[in-house]
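Chemist: Letter by letter, the chains look like this.
Number of protein chains: 2
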Amino acid sequence: MATQIENWAQQIRAGDVRALSRAVTAIENRAPEAEQLLEKLFPYTGRACRIGITGAPGTGKSTLVDRLASCYRGQGKSVGIIAVDPSSPFTGGAILGDRIRMQGLATDEGTFIRSMATRGYLGGLAQATGDAALVLDAAGKDMILVETVGVGQGEIEVVRLADCTLVVLVPGMGDDVQSLKAGLMEIGDIFVLNKSDREGADRFEQQLRAILDIVPGRAGWKPPIVRTVATENTGVDELARQIALYRDHFEKAHDRPARELAYWKEWLLRLLERRLVERVLDKRISDTEFEALAAQVAARKKDPYAAVKEILSRAGIS
Amino acid sequence: MATQIENWAQQIRAGDVRALSRAVTAIENRAPEAEQLLEKLFPYTGRACRIGITGAPGTGKSTLVDRLASCYRGQGKSVGIIAVDPSSPFTGGAILGDRIRMQGLATDEGTFIRSMATRGYLGGLAQATGDAALVLDAAGKDMILVETVGVGQGEIEVVRLADCTLVVLVPGMGDDVQSLKAGLMEIGDIFVLNKSDREGADRFEQQLRAILDIVPGRAGWKPPIVRTVATENTGVDELARQIALYRDHFEKAHDRPARELAYWKEWLLRLLERRLVERVLDKRISDTEFEALAAQVAARKKDPYAAVKEILSRAGIS
Numbered sequence: 008m009a010t011q012i013e014n015w016a017q018q019i020r021a022g023d024v025r026a027l028s029r030a031v032t033a034i035e036n037r038a039p040e041a042e043q044l045l046e047k048l049f050p051y052t053g054r055a056c057r058i059g060i061t062g063a064p065g066t067g068k069s070t071l072v073d074r075l076a077s078c079y080r081g082q083g084k085s086v087g088i089i090a091v092d093p094s095s096p097f098t099g100g101a102i103l104g105d106r107i108r109m110q111g112l113a114t115d116e117g118t119f120i121r122s123m124a125t126r127g128y129l130g131g132l133a134q135a136t137g138d139a140a141l142v143l144d145a146a147g148k149d150m151i152l153v154e155t156v157g158v159g160q161g162e163i164e165v166v167r168l169a170d171c172t173l174v175v176l177v178p179g180m181g182d183d184v185q186s187l188k189a190g191l192m193e194i195g196d197i198f199v200l201n202k203s204d205r206e207g208a209d210r211f212e213q214q215l216r217a218i219l220d221i222v223p224g225r226a227g228w229k230p231p232i233v234r235t236v237a238t239e240n241t242g243v244d245e246l247a248r249q250i251a252l253y254r255d256h257f258e259k260a261h262d263r264p265a266r267e268l269a270y271w272k273e274w275l276l277r278l279l280e281r282r283l284v285e286r287v288l289d290k291r292i293s294d295t296e297f298e299a300l301a302a303q304v305a306a307r308k309k310d311p312y313a314a315v316k317e318i319l320s321r322a323g324i325s
Numbered sequence: 008m009a010t011q012i013e014n015w016a017q018q019i020r021a022g023d024v025r026a027l028s029r030a031v032t033a034i035e036n037r038a039p040e041a042e043q044l045l046e047k048l049f050p051y052t053g054r055a056c057r058i059g060i061t062g063a064p065g066t067g068k069s070t071l072v073d074r075l076a077s078c079y080r081g082q083g084k085s086v087g088i089i090a091v092d093p094s095s096p097f098t099g100g101a102i103l104g105d106r107i108r109m110q111g112l113a114t115d116e117g118t119f120i121r122s123m124a125t126r127g128y129l130g131g132l133a134q135a136t137g138d139a140a141l142v143l144d145a146a147g148k149d150m151i152l153v154e155t156v157g158v159g160q161g162e163i164e165v166v167r168l169a170d171c172t173l174v175v176l177v178p179g180m181g182d183d184v185q186s187l188k189a190g191l192m193e194i195g196d197i198f199v200l201n202k203s204d205r206e207g208a209d210r211f212e213q214q215l216r217a218i219l220d221i222v223p224g225r226a227g228w229k230p231p232i233v234r235t236v237a238t239e240n241t242g243v244d245e246l247a248r249q250i251a252l253y254r255d256h257f258e259k260a261h262d263r264p265a266r267e268l269a270y271w272k273e274w275l276l277r278l279l280e281r282r283l284v285e286r287v288l289d290k291r292i293s294d295t296e297f298e299a300l301a302a303q304v305a306a307r308k309k310d311p312y313a314a315v316k317e318i319l320s321r322a323g324i325s
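Residue numbers (the working numbering), protein chains in the order written: chain A, 8 to 325; chain B, 8 to 325.
The shape of chain A in the complex, shown without the other chains:
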C-alpha cells in the first residue's frame, strides 16, 4: 500500500494526467488514500501561483479562465484549472457541461483541467479545492486557476486561499448595485469587468470605482478594474499584466507568509475537528445511539446542548 501511494505520488510529480485526475477524485470522495497521498506530496508544494476567479453565474468566468490559461500557455507556463461546480447529486453536473468548450485546452499537455463537484457537502468545498490545488502544485503547475460559480459563503472561502483573487462582474446584470453586494468587494484583488462592450459599462465602472474607493486598501494595493470581452480575447493580456503587477507588489510586501499561515491554521483546525469527531463517534457512540439522541432532540424531549453534554461525558471527555 505504502509503495502504491509512493508510485502514485511519483506519477503526479511527473505530471501524469490520469494520476492527477485520480487524486482529485480521491479528494472529492474523501477517500483515506487521499490523505496518504497528500502527506507524500506536501513537501513538494508551495511553488505555484494560485489565482481564484469568482463571480455570479452568467458573468462569463469559464471563458475568461480559458483565455487566461491560453495566455499563460503562450508565456510558456504550465496551467492547472479547477472549476468548482456546485452541482447536485442527481445531475452530477452532467446536464450542463460548459466545460466542453475547454476541449481545445484539454488536448494541450501543459494544461490540466478538472471540475470538482461539491455534492452538497458543507464547508468541505474550500478544503477539497485547497487539497486539489496542492496536488497540482506538487505536479509542477506554474499557475493554478480556481474558478467558482456563485457568490456564496463557501465560494468566498475557496478563493481565500488564492494568492490573487479576481472578481468577475458584468454591467447590467440584474440590479447593478445588488451584484456588488454579496461580500465580493473585499475579497477582490483585481476586478474584471467582463462583457464590457455592453451598454452601461462606463456607468457600472464608475459605480464600482466609487465603492472601491472606500475599501481600505491592503498593504498599499488599490484593486484595479480591468475591462475584458473574454469571448473576443480582449483585455486578457492586460489582465495577466495586472496579476503580475499584483504579485510583484506583494512579493515586496511579504504578504504571502501571513496568508499562508492563516490558511494553514484554518486547515489544521478543520482536520482537528474531523479527527476528534471521528474518535468520539466511531469509537464511543454508536450510530444508533447518536440517532436516538437526535430523535429525542427533534421531539423536544431533550435540549440539544444537553444531548452534546451527554455524548461528551459518555466519551469520557469532561
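Wrong hints could be hidden among the right ones.
It does not matter which identical chain is used: a pair holds within one copy or between any two.
As the list claims (entries may be wrong) - Computed list of lysine-lysine pairs in BS3-like fashion (alpha-carbon distance at most 25 angstroms, straight line): (1) Lys290 to Lys316; (2) Lys47 to Lys308; (3) Lys290 to Lys309.
These aren't lab readings, by the way, just hints derived from the structure by calculation.
Given chain A, work out where chain B should sit, using these hints.
Modeler: Below, chain B alone, put in the same frame as chain A:
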C-alpha cells in the same frame, strides 16, 4: 445570571421586539449567553412553519418576501423574517440597505424583521440562521421567512432546515441555463418565476419545466412553477396557496419528522465539533503552540497530518 436569562427568555416568548433583536445579535456574535438562552427557549419551539427563499442577487427576493409577509399578515398570521446578508466586515451591510424598503412592515407589530450578517464565518451561517429561527419560533411567530442572497453552498445549507423552500428565478438573467445550475434544482419545493412580465418568460418556464420533469419527485410532490411580479403584488396569493398545498401534502406524508431528525443530527455534530476543539485548543494547546505548528506547516517543515497527530497526542487523545 440565570434569572437574567430566564427574564430574557420570557420577554422573547411574549414577543418583545428588543429582546428578540438582542437574541439574534447574541447568536450572530456567538456569545455564550446565546446558548443559555436557546436552552431555555428550546422546549417552546417546533410549532412555526419555516419557509426558505433563495435565488441569485437581483431576482427580487426581498420584494417577494415583503409581499408574502403582507399576505400572511392579511390572513392574521404573525411573521418573522430573517434576511441573511453575506456582507462584509467593512461595509457591515451598510452600503446598500435594501431592507429600508421594509419599513412599512417594520412598524407592524405582527412582523419581526432582522438581517443577519455572516461576517465571513464559514459553515456557521446555517447554524446561526437556524438558531435565530428557533428564537422566532419560541416567540410564537406562525411563519418564519428566511431569505438568503446567492446560490452558494452555505446558502443552500441555510434553506435545508426549512419546511418549504422557494427558489426564485428571473427570465433572461445572464445565460438562462447557467442560472439553473448551481445546485438549486433539487432544493426547490416551489419555483417562483419572478419578474415574469419580462420577455422570454414563457421560454424560460418551458426550459425550467423540462429540467424539473427529470428531477425525481420527493414523496409524490411535483414542484410547481408560480409566476409572480412581486413589485405589482401579482401571483403572491397563488404562491401562498401553493405553499399551503405543499404543507398539506407533507403533513400527510409525515415528512417533517425525517427532515427534523436530519437537521438535528447535523446540528449536534456541529456543536460536538466545536466543543471538542474548544476542549483541546483551550485547555491542552496554547495559541502560541498552535500558531507555531501552523507556521512549520506553512514553511513545509512539517506536513499538516503530522501536525494534527501531534496536537491529538499532546491532548492525550490517541
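Chemist: Each hint: holds or not?
Modeler: Each hint tested on the structure:
no. : hint             : result
1   : Lys290 to Lys316 : both (17 angstroms within a copy, 17 angstroms between copies)
2   : Lys47 to Lys308  : between (48 angstroms within a copy, 13 angstroms between copies)
3   : Lys290 to Lys309 : within (23 angstroms within a copy, 28 angstroms between copies)
Checked against the numbered hints given earlier, the structure satisfies every one of them.
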